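S.K.: Sequence:
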Amino acid sequence: MTRLSINPCIPFTGDDIQYKLEEINNILGKKYVLEHPKKERDWRTYEQEFAQRRDDRIDNALFCTGVWYNLFNMGRL
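Per the numbering used here, the sequence shown starts with residue 1, numbered consecutively.
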């Protein structure tokens, strides 16, 4: 293990640095969790956000239905 030192009076090792970084990471992780609480979502809110029933799709479906109806009934005229 190599010894790193910025100040010759305070020697420290790579393990010391790793421990301190893990400690800082844990503190920041806990702070993040407190500031950003997990939002509970149910399927209804998810469905409302990404709804498949858009007005343009409904209009398109009605138009296509009308076209098919007219094509099938052209022979009866």
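Worth double-checking, as some hints may not be accurate.
Cβ pair distances, simulated, as ranges [to be verified]:
1. 62 <-> 30: 53 to 59 Å
2. 74 <-> 54: 44 to 50 Å
3. 18 <-> 39: 32 to 38 Å
Note that these hints are calculated values from the structure, not bench results. Keep in mind the model is a prediction, meaning the values are calculated, not measured. All C-beta atoms, glycine included, are put in the ideal place defined by N, C-alpha and C.
S.K.: Each hint: holds or not?
M.R.: Each hint tested on the structure:
no.: 1; hint: 62 <-> 30: 53 to 59 Å; verdict: holds (54 Å)
no.: 2; hint: 74 <-> 54: 44 to 50 Å; verdict: violated (31 Å)
no.: 3; hint: 18 <-> 39: 32 to 38 Å; verdict: holds (34 Å)
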